[in-house]
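Residue numbers (this note's numbering), protein chains in the order written: chain Z, 1 to 372; chain D, 373 to 765.
One thing to keep in mind: the hints can contain errors.
[Unchecked claim] Listed below are the simulated DSS-like cross-link pairs for lysine-lysine, each with C-alpha atoms no more than 25 Å apart in a straight line:
1. D:K706 with D:K583
2. D:K706 with D:K681
3. D:K681 with Z:K7
4. D:K454 with Z:K7
5. D:K603 with D:K618
6. D:K600 with D:K561
[To be verified] Reference listing, derived: stretches of chain D covered by chain Z, where coverage requires no fewer than 3 residues with Cβ under 8 Å from a Cβ of chain Z:
7. 641-652
8. 663-670
Worth flagging that the hints you see were computed from the coordinates, not collected in a lab.
All figures in this text were calculated on a predicted structure; none of them were measured in a lab.
Even for Gly, the Cβ is constructed at its ideal location relative to N, Cα and C.
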Amino acid sequence: MTQPMIKLVHSEDETMLADAARGFLDGAAPVSHLRGLRDAGRSHDPDLWGEMARMGWAGVLVPETHGGADMGHAAAGILAAQMGQTLAVSPFLSTAVMAATALRQVADGRTDQALRQIAAGQRTYALAIDEGRKFDPGRCDLHAVREGNGYRLSGRKGFVVDGALADRVLVQARTDDGLVVFDLPAGAEGIERRARAAIDSRDSADITFDGVVATGDDLLGRADQVLRPAILAGQAALAAEMTGLVAGAFGMTVGYLNERKQFGVTIGQFQALQHRAAHLWCEQEVTAAAVLNAGRQMDAAPQDAALAVSIAKARATATAILAVSEGVQMHGGIGMTDAFDMGLFMKRARVCAEWLGDYSYHAEIIGNIRGI
Amino acid sequence: MQHAQDPALFRSQLRQWLLDNCPEQMRDGQNTEDTICWGGAGWVFSSPAQQQWLERAAAVGLTVPTWPVEYGGAGLDRAREKIFYEEMARINARLPLQSFGIWMLGPALLHFGSHAQKLHYLPPIARGDIRWCQGYSEPGAGSDLANVQTHAEDCGDHWQVTGQKIWTSYADKADWIFALVRTDRAAPKHRGISFVLIDMNQPGVTTRPIKLISGASPFCETFFDGAKVPKAQIVGEENRGWDVAKYLLTHERQMISGGGQGLQGGRALGAILADTAGPEGRIDPMLRADALRLEVDTLATGMTLERYKDISESGAEVGDASAMLKYMGTELNKRRHELLMTAGGLDALDWDGAMGSAPADWLRTKANSIEGGTSEIMLGIISRRVLGLGGQS
Ligand SMILES: Cc1cc2nc3c(=O)[nH]c(=O)nc-3n(C[C@H](O)[C@H](O)[C@H](O)COP(=O)(O)OP(=O)(O)OC[C@H]3O[C@@H](n4cnc5c(N)ncnc54)[C@H](O)[C@@H]3O)c2cc1C
Numbered sequence: 001m002t003q004p005m006i007k008l009v010h011s012e013d014e015t016m017l018a019d020a021a022r023g024f025l026d027g028a029a030p031v032s033h034l035r036g037l038r039d040a041g042r043s044h045d046p047d048l049w050g051e052m053a054r055m056g057w058a059g060v061l062v063p064e065t066h067g068g069a070d071m072g073h074a075a076a077g078i079l080a081a082q083m084g085q086t087l088a089v090s091p092f093l094s095t096a097v098m099a100a101t102a103l104r105q106v107a108d109g110r111t112d113q114a115l116r117q118i119a120a121g122q123r124t125y126a127l128a129i130d131e132g133r134k135f136d137p138g139r140c141d142l143h144a145v146r147e148g149n150g151y152r153l154s155g156r157k158g159f160v161v162d163g164a165l166a167d168r169v170l171v172q173a174r175t176d177d178g179l180v181v182f183d184l185p186a187g188a189e190g191i192e193r194r195a196r197a198a199i200d201s202r203d204s205a206d207i208t209f210d211g212v213v214a215t216g217d218d219l220l221g222r223a224d225q226v227l228r229p230a231i232l233a234g235q236a237a238l239a240a241e242m243t244g245l246v247a248g249a250f251g252m253t254v255g256y257l258n259e260r261k262q263f264g265v266t267i268g269q270f271q272a273l274q275h276r277a278a279h280l281w282c283e284q285e286v287t288a289a290a291v292l293n294a295g296r297q298m299d300a301a302p303q304d305a306a307l308a309v310s311i312a313k314a315r316a317t318a319t320a321i322l323a324v325s326e327g328v329q330m331h332g333g334i335g336m337t338d339a340f341d342m343g344l345f346m347k348r349a350r351v352c353a354e355w356l357g358d359y360s361y362h363a364e365i366i367g368n369i370r371g372i
Numbered sequence: 373m374q375h376a377q378d379p380a381l382f383r384s385q386l387r388q389w390l391l392d393n394c395p396e397q398m399r400d401g402q403n404t405e406d407t408i409c410w411g412g413a414g415w416v417f418s419s420p421a422q423q424q425w426l427e428r429a430a431a432v433g434l435t436v437p438t439w440p441v442e443y444g445g446a447g448l449d450r451a452r453e454k455i456f457y458e459e460m461a462r463i464n465a466r467l468p469l470q471s472f473g474i475w476m477l478g479p480a481l482l483h484f485g486s487h488a489q490k491l492h493y494l495p496p497i498a499r500g501d502i503r504w505c506q507g508y509s510e511p512g513a514g515s516d517l518a519n520v521q522t523h524a525e526d527c528g529d530h531w532q533v534t535g536q537k538i539w540t541s542y543a544d545k546a547d548w549i550f551a552l553v554r555t556d557r558a559a560p561k562h563r564g565i566s567f568v569l570i571d572m573n574q575p576g577v578t579t580r581p582i583k584l585i586s587g588a589s590p591f592c593e594t595f596f597d598g599a600k601v602p603k604a605q606i607v608g609e610e611n612r613g614w615d616v617a618k619y620l621l622t623h624e625r626q627m628i629s630g631g632g633q634g635l636q637g638g639r640a641l642g643a644i645l646a647d648t649a650g651p652e653g654r655i656d657p658m659l660r661a662d663a664l665r666l667e668v669d670t671l672a673t674g675m676t677l678e679r680y681k682d683i684s685e686s687g688a689e690v691g692d693a694s695a696m697l698k699y700m701g702t703e704l705n706k707r708r709h710e711l712l713m714t715a716g717g718l719d720a721l722d723w724d725g726a727m728g729s730a731p732a733d734w735l736r737t738k739a740n741s742i743e744g745g746t747s748e749i750m751l752g753i754i755s756r757r758v759l760g761l762g763g764q765s
């Protein structure tokens, strides 16, 4: 009954973490960094990830006994938000948040080495879950049939984030005993990866599994035990990334309102725009509270965090779409140009909106919990 | 009763105290204009239970849980305040007392009042002995509040106040009024205003009720014709009433946003939607979609209110962000009541029909985005003061 009281303000340590992250990212991963990668046809920067790992970000959810920093989900959200603000490219969400959370659920020591390598930035992961047009982890046709002591996996996954370049893949498969998760090397025989030309210029892939052999040890566990916590952690951190994205896009917009002149005055003096900007700020504040609450709930009682996480992801989705739509509109023609950054925010927002469940997916979860 | 410092101990003490002291009749969660206990010299209790509940809560400071003990409160910090509301909600208890004194004047006095003023005015508010109303708006000073013209003539040891206020909620029921009056006509408009406390029980003060679209008439025109105000009854400095006025508004706005009464008053949306299902059990998909969006926003806005309480507990003033809380909370409340009316359908079209006070409540919410500063004014405050956008507002 007496839960620890959740405080919806950042502690001094958290503020310091955010400031340090901002300082680093402004130097090493401003929006121009994403643009540069995109123009060079790349979707990952191993050096950048190496630096993040040295600062402890790759091990943010890895136990200290395994070389991690074990800072918790609220802290992971802070880092994700800072990355979102400048659209920093990294495998943070799939590797440091989701894979680490999944691997931590396995208690028998089999994943110790993997966790160590994640924390050290020496191993990246992708999660292969989606098979249809919409996020739906309950839908899984990829199957694993028993063969001797092991399994043989066949099927396909789509929109595997970081899937083209990751070292390993956590793949959800259907067995006679229900849904399970395997941990496989991405280069295993029978795995074929095709990079997608994603609108946000990030790594995502379609992967086919054609009779891929897995041992009993490769099977991490049941999806509800291993994957579900990882998805929740990912949704919370993704919602946090989206608040950063909103802050980035909104900052540009307010800057422009104070700078662009028409009719002899800055356009920020037009009340029609002021009120829309103010409304957007309000939405941003409400979403920020929901996101912080989700991080706190994940740290306090992850098994009870589903409601908080879905509220955060639903709100973040709606707010991000509003922020980038208003962002383009209030910039006028320049907002539509590739040379200007707002388009990059808009495209990333669209991907984030779908990834790990869109508004309606999360609203449905909330409705079920709240009896609506 | 001495309230325990330790949160867990406090919770168990309080739980027992509530069981022993909150009358059964007061555990129905009702929180409408008709069921609220407003207090005041002329207050007629709706039941002996209502009176008992007020007296028992006031005796242990729980009508104003966070006010200092010496001014009639319970001196609770934020952690125990949260527990207080959780435990009240657990047994569905009504608030023992609500008033403009608690929501508005109290916070302003705690911040700007002298010790003597606090000792004099706060305990009667906490006990529900004196009922206050708010004399801000005038016919020519609505959104442009600093344009108030009600004039206070300096008569040495007192002022004589003359002028007209309008939209004064419950002026006809109140004992005292806190009012903005002009004490310097020559100064720029924000610099000639004082914040004074006026006893309404005197010949120079009259009120005339105005009927609202909801059929009720809880607000009034208030006329001052040489009303006498001793000089000790000024809060803050002469001609600096605007600072007090603005500070009070930030508390009023937080309260209207739902901070005072909770955003989710009444039945759960799920139960209300279930009533709309036909024989096949089909719930209108548009209605359900609206309800889901409303629920998402309500829960998230509730977290935002909590977050700002945490922020103010950590020492920072909520200040201009109260405009955001007010704007979001009131627009949400209007959405909620539009949805309730749609869900009520034909049953919600009579004043005394199957949906009870739903139509009157729905109409009342339309004022939420007007009173205490309109939504447009809130957006103006945010764009100017938070976002730093210049020009018209
Ligand atoms: C139920 C209720 C209870 C109230 N209780 C009290 C009370 O107890 N005490 C008290 O003092 N007052 C009270 N009020 C008054 C309330 O504070 C005013 O109604 C409010 O401040 C708006 O002023 P107004 O009615 O003059 O509208 P106006 O200021 O004339 O506004 C008319 C419209 O113009 C818009 N507008 C005005 N200025 C701008 C601008 N700069 N930019 C864009 N749009 C603008 C407004 O948003 C509004 O939509 C109450 C009002 C209501 C409805």
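Okay, the hints, checked on the actual structure:
| no. | hint | result |
| --- | --- | --- |
| 1 | D:K706 with D:K583 | holds, 20 Å |
| 2 | D:K706 with D:K681 | holds, 23 Å |
| 3 | D:K681 with Z:K7 | holds, 10 Å |
| 4 | D:K454 with Z:K7 | holds, 11 Å |
| 5 | D:K603 with D:K618 | holds, 21 Å |
| 6 | D:K600 with D:K561 | holds, 23 Å |
| 7 | 641-652 | holds (count 4) |
| 8 | 663-670 | holds (count 6) |
Of the numbered hints listed earlier, not one is contradicted by the structure.
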